[in-house]
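As they're listed, the protein sequences go chains A and B.
Sequential numbering from 0 applies to the first sequence in numbering that gives the first Met the number 0.
Sequential numbering from 0 applies to the second sequence in numbering that gives the first Met the number 0.
A hint or two may mislead.
Stated by the list, open to error - Just a sample of chain B residues kept apart from chain A, beta carbon distances all over 12 Å, derived:
1) G138
2) D142
3) D147
4) A210
5) A235
6) E271
Unchecked claim - Computed footprint of chain B on chain A; a stretch qualifies when at least three of its residues, placed anywhere within it, have a C-beta under 8 Å from a C-beta of chain B:
7) 62-72
8) 97-103
9) 160-174
Source of the hints: derived by calculation from the structure; they are not laboratory data.
Ideal Cβ placement from N, Cα and C applies to all residues, glycine included.
In case you want the letters, here they are:
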Amino acid sequence: MTTTSAPPPAATREAYGPALVKLAEAGHDIVALDADLSASTGGNKLAASFPERWFTVGAAEANLISIAAGLASTGKTVYAASFAVFMPGHCFDQIRVQIAQQRMNVKLIASHGGISVGEDGASAQAIEDLALMTSLPGMNVVVPSDAVEADAMIRSAAEDNDPWYIRLGRPKLPIIYTDGPSFTLGQADQLRYGTDVTLIACGLMLEPSLRAADSLTQEGISARVLNMATIKPLDEATIVRAAEETGAIVCAEEHNVIGGLGSAVARTLALHCPTPMEQVGIDDTFGQSGPWTALLNEYGLTSESVVEAAKRAIARK
Amino acid sequence: MTTSTASAADTDALLDVCKRIRRHIVEMTHAAQSGHPGGSLSSTEIFAALYFGGVARHDPANPQWDRRDRVILSKGHATPVVYATLAEAGYFSTELIPTFRSLGTQLQGHVVRNKPAGVEMSGGALGMGLSFAVGIALGHELDSLDDDEGQIFVVVGDGELNEGQNWEAIMSASHFGLHRITAVLDRNHFQNDGPGDEIMRIDPVGDKWSAFGWGVQHVDGHDVTAVRAALLTARARTDAPQVVICETVKGRGVSFMASNPGAWHGKGPSDEQLAQALDEIEAGLS
């Protein structure tokens, strides 16, 4: 850590609007679409400086996605933004046929992912979106752990012609990448070296996993920490190496334990390097209203949960 | 009804193209023993007019020409009429037609973008074509195409209008003032489960479209010169998106299909039925 004061917490969603403006200023032929949630996604920031490059289609997510595909067919790099419950929730078929099957240059910006949406309750809390999106051939699926990484993802997506699903969040989170991002699609970022267990996390569970590693260190347990910001394509080589070198794996994510990061890592381990593994995630249940920090505690998405999971995994060696 | 201005020679040529398209439709669904002949036969004059009536500006030698008009099949199961038309227009060899729906073919059961070149959009899940067209039209506006460049013709089915996304698209096309879009409704009155009026009534469909801010024309969808004239009129309009509502018969041109359209949504004819169908198409019976 540097001695300068830490940057203020920021939501990953806050990176979106400024990243769009930077892309447009740099001359990228982008178009951004919103569906009546532009103040929340931040897409309206592009409207202020490049109004001709931004459209809202109203509260109509199916239309949003097919319009995005049509725009992409004219050579544009298209960003389509909504909440993760509505996109893919309202428009999975459109994403499947018109974005994934047509392999369109469309970046899906899914804001307000996970239960950390908070008080709006279960209908607003996307806990299954990663399962839907990773099931689509050709879809790149990424989850940033802080606003710095989110900015890097959103901008690097413009350099790629394939579809991406970028899951952003509502709550303000501490900045992990204070010295700048190290995001590369499909590559895990090892933040801590360790030899007894590997903690694999994405999104808002990365920071508690780093704290868990600190706690484990105090108990004499050496924990490796991987930021698995890309859920698909998964960095299988780094996972297998971690399994071979540490012999125990914990996955931590703000998603149903079925179909997200943990499922993807479990598949990799089962196929290539069977290894004791534990999961921290939402245990196949829907959420409820509440402050986001209280919800994380209620559903076990905490540093303490990661510590306990690590000990269970190590005990199974 | 729109009246025709085409010359007799033009009309004869278009009628001949319609016969060839219909032959391909019944032959390919016979070869595959599957596919969708009924809704392809009802769309035949629409496709003939678009591609051979001087309506859609396109170039088979340069299918990605960026100022081309685009024809989009939103009722994505009616692939036989699309493949028949594209082959006749020179996008690929008619020798490929018997491979329809077979393993490894370009001619997939439902449309797949650029397979073969000339297919503008993947489909098969209904209701997405008009939205896709809205996206194309917005892109053309950004690229400052001239008003008469980059038109988009979207062929939609009447059963397909059950899908709510169509109405999202229809609303947004007029909201954005996208005059380049022309919807062409194949109003054949039959959908998968039976008569449209019994499954889900869409009338007064022209009034609905009009209420959403579109220009509306009604035409006999099997009068190819009238369809051509209506499409040319729609193409020239620059004030609002346009719809041409084509009154059609599902299975038109093959008597046992037209008289029993519910049975011919999604299956191919037998050997004997094929022979009868080809005779009737040649004779120009309905």
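Each hint, compared with the structure:
no.	hint	result
1	G138	violated, 3 Å
2	D142	violated, 7 Å
3	D147	holds, 17 Å
4	A210	holds, 17 Å
5	A235	holds, 22 Å
6	E271	holds, 37 Å
7	62-72	holds (count 10)
8	97-103	holds (count 3)
9	160-174	violated (count 0)
When each numbered hint is compared with the structure, violations occur for hints 1, 2, 9.
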